[in-house]
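K.L.:
Two chains, two separate frames, one set of hints: put the complex together.
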Amino acid sequence: MSLLDYFRSSKVGSASLAKERLQILVAHERSSLSQPSYLPQLQKELLEVIQKYINVGQDAISVSFEQDENQETLELNIVLPDLTAKKT
Amino acid sequence: MPRIIVVTSGKGGVGKTTTSAAIAMGLAKKGHKTAVIDFDVGLRNLDLIMGCERRVVYDFVNVINGEATLNQALIRDKNCNLLYILPASQTRDKDALSQEGVGRVLDELKKDFKYIVCDSPAGIEKGAHLAMYFADDAFVVTNPEVSSVRDSDRMLGILASKSRRAEQNDEPIKEYLLLTRYSPERVKLGEMLSVDDVQDILSLHLLGVIPESKSVLNASNSGTPVILDEKSDAGQAYADIIARYLGENRPHRFIEDKKGFFRKFFGSR
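Going line by line, the protein sequences match chains A and B.
My numbering applies: residue 10 is where the first sequence begins, and numbers increase by one.
My numbering applies: residue 13 is where the second sequence begins, and numbers increase by one.
In isolation and in its complexed conformation, chain B is listed as follows (with noise of 0.2 Å):
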């Protein structure tokens, strides 16, 4: 069966657009076929970070409105061939969205693919609503400071009453965490919320913790998903969510303060 995945968290510039590149990619390299959907209509983006902002002809809404077939506003990633791209609309206004329209997209989607990422704009509006209304699971992007914590959790209230699954009485949407940004210096100096003190609060499932890097800026600078650059800590935390959410038991890597005591020091700051 196909799954639906929503990478949402209510706070805007938490990493959701870096998470659902690196997610939609991480999932095509393990061989699934995988769309990613940018619903942030207005101010689209996912097609910079993936670096096929100058291949984009039609849209989500163009689909939506029967302008153009769902093959034709698909493009092709450069670097993977079972990962589509369907950039949002820059010029429309979120209206353009409809529910009924968004759920044909997606239905049309489920027969070929397996994975669906759909990659939700900030906010709790209509555009937020919809990309998570279909989703099966969530991915939870949140990053350890306090604003993004409460969004998060009012982001889990509306997807445990407002999606279909809640609407129909199905099976809840499966939640994950994805703690981005984390700096385990700043915990260990007792700046910075850690892991545990967001699992006390949101009490979710830990996909992973996604180190603060500066190969994620790289990566948006050169349009190229931050988890193909494996030897980076955040491209090993992606590859290591993926690998996680397809079932493999990998211990959490980049939690720890792995700074000793010389470069403690005499440290790189």
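So that you can see chain A by itself, here it is in the shape it has in the complex (with noise of 0.2 Å):
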């Protein structure tokens, strides 16, 4: 067993692939932990009010925050229904 190992120790283990998906993984969830608890709330109440005035779907709605170290940016995406589709 020991001598198979000897010639196989330069064969690629999965170590690397644990490491690349850990990097991902922790890097995502420490923004989304970052990120205010009030966002899906203000996303829905957003979307009530802009639904009153404006026919918009569910998803035409995106907000997200972020933070670096001296600011922090809550970005608010609308897509408006496309007009020009509308005409005709």
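Hints were generated in silico from the structure; no laboratory data involved.
All values derive from a computational prediction rather than experimental measurement.
Every residue gets a Cβ at the ideal spot worked out from N, C-alpha and C, and that includes glycine.
Check before you lean on any hint, since a few could be wrong.
Using 27 Å as the maximum straight-line C-alpha spacing, the simulated DSSO-like pairs for lysine-lysine come out as follows [to be verified]:
| id | chain 1 | residue 1 | chain 2 | residue 2 |
| --- | --- | --- | --- | --- |
| 1 | B | K200 | A | K28 |
| 2 | A | K28 | B | K23 |
| 3 | A | K28 | B | K186 |
| 4 | B | K45 | B | K122 |
| 5 | B | K45 | A | K28 |
If we take Cβ atoms under 7 Å as the criterion, some of the chain B residues that face chain A in the derived model are [to be verified]:
| id | residue |
| --- | --- |
| 6 | L94 |
| 7 | V158 |
| 8 | V161 |
| 9 | D165 |
| 10 | G169 |
| 11 | L201 |
| 12 | G202 |
| 13 | E203 |
| 14 | M204 |
| 15 | L205 |
| 16 | D209 |
P.N.:
If you want it as structure tokens, here you go:
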């Protein structure tokens, strides 16, 4: 067994895959955890207000929150319905 | 100033209680009066690892509820007279611990002890939360394995946002990495995350690496903290950790694969 292992040792193991998966996962979880907890509620209420005036779908709004060392950014993106498509 | 150390991990079975027992004994052996508290209410095990399970009369919850004094509940260790154990309650549920009650007991311990080691239960529920809430230092116990590293990262987020130091805007908890069950041979083969890999992800100050070792099971079988097994690799690794924590500069052992050419061919497995 140990003899075999010695010759196989040049083979790439699964550790690099583990590291790659972890780096992606941890970065994602850190960013989602640092978001304020009111974001989903804010998104829901904003959508309700906008839907009073404009006929937009559920996924027309995206709210994202970003944080770096000296500032926090709240980005709000609303996709309005395609007007040219309506005319035809 | 006395210091409160929490031994935490998020994930279960990575070596929190083994580590709590070893470092509490290590600190006491260095001449510091130390108390070690089991926060795992309902699933206590520190008493077993410390070998004092038959001497438990009163527990942590009894003290919080005023049913016993702290001196009645503290068990003096049989190997070191500067070390005391405060066992968890085995019968009550986790709601028996309250933030106010835990704070009160810790304040009382601080009058008499130099170090207070809090052995956290797994998970992020009440027991784990209270174990870390009052801490000054956190020993994050991690295995070189994906789920453990992920849970440790989650725990670091909690330490940074939910502790008393975080809530009161004090200097943050000092966080240290203890990598346990490490197997240099498997790292060399690319089968296991290396110390550097884990540090790249968690970016923590490395206090020490404890190699996968038969001596850990031997120690728990006999109810003696593994640090007392001075001939064992794990015991020496914990002794190094205590020395580093107390400010000594010691090179890391047990990270490199020490197996020679000969043993690789005919090596023990």
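K.L.:
So, for every hint listed, does it hold in this structure?
P.N.:
Each hint, compared with the structure:
1. B:K200 - A:K28: holds, 15 Å
2. A:K28 - B:K23: Distance of about 18 Å is within 27 Å: holds.
3. A:K28 - B:K186: holds, 25 Å
4. B:K45 - B:K122: Holds, because 10 Å separates the two Cα atoms, which is no more than 27 Å.
5. B:K45 - A:K28: The hint is violated at about 40 Å.
6. L94: Cβ of L94 (chain B) sits 39 Å from chain A, so the hint is violated.
7. V158: holds, 5 Å
8. V161: It holds, given that the least Cβ distance between V161 (chain B) and chain A is near 6 Å, below 7 Å.
9. D165: holds, 5 Å
10. G169: With a closest approach of 5 Å, the G169 (chain B) hint holds.
11. L201: holds, 5 Å
12. G202: holds, 3 Å
13. E203: Holds. Min distance 4 Å.
14. M204: holds, 6 Å
15. L205: holds, 5 Å
16. D209: Result: holds, 5 Å to nearest chain A Cβ.
Checked against the numbered hints given earlier, this structure breaks hints 5, 6; the rest are met.
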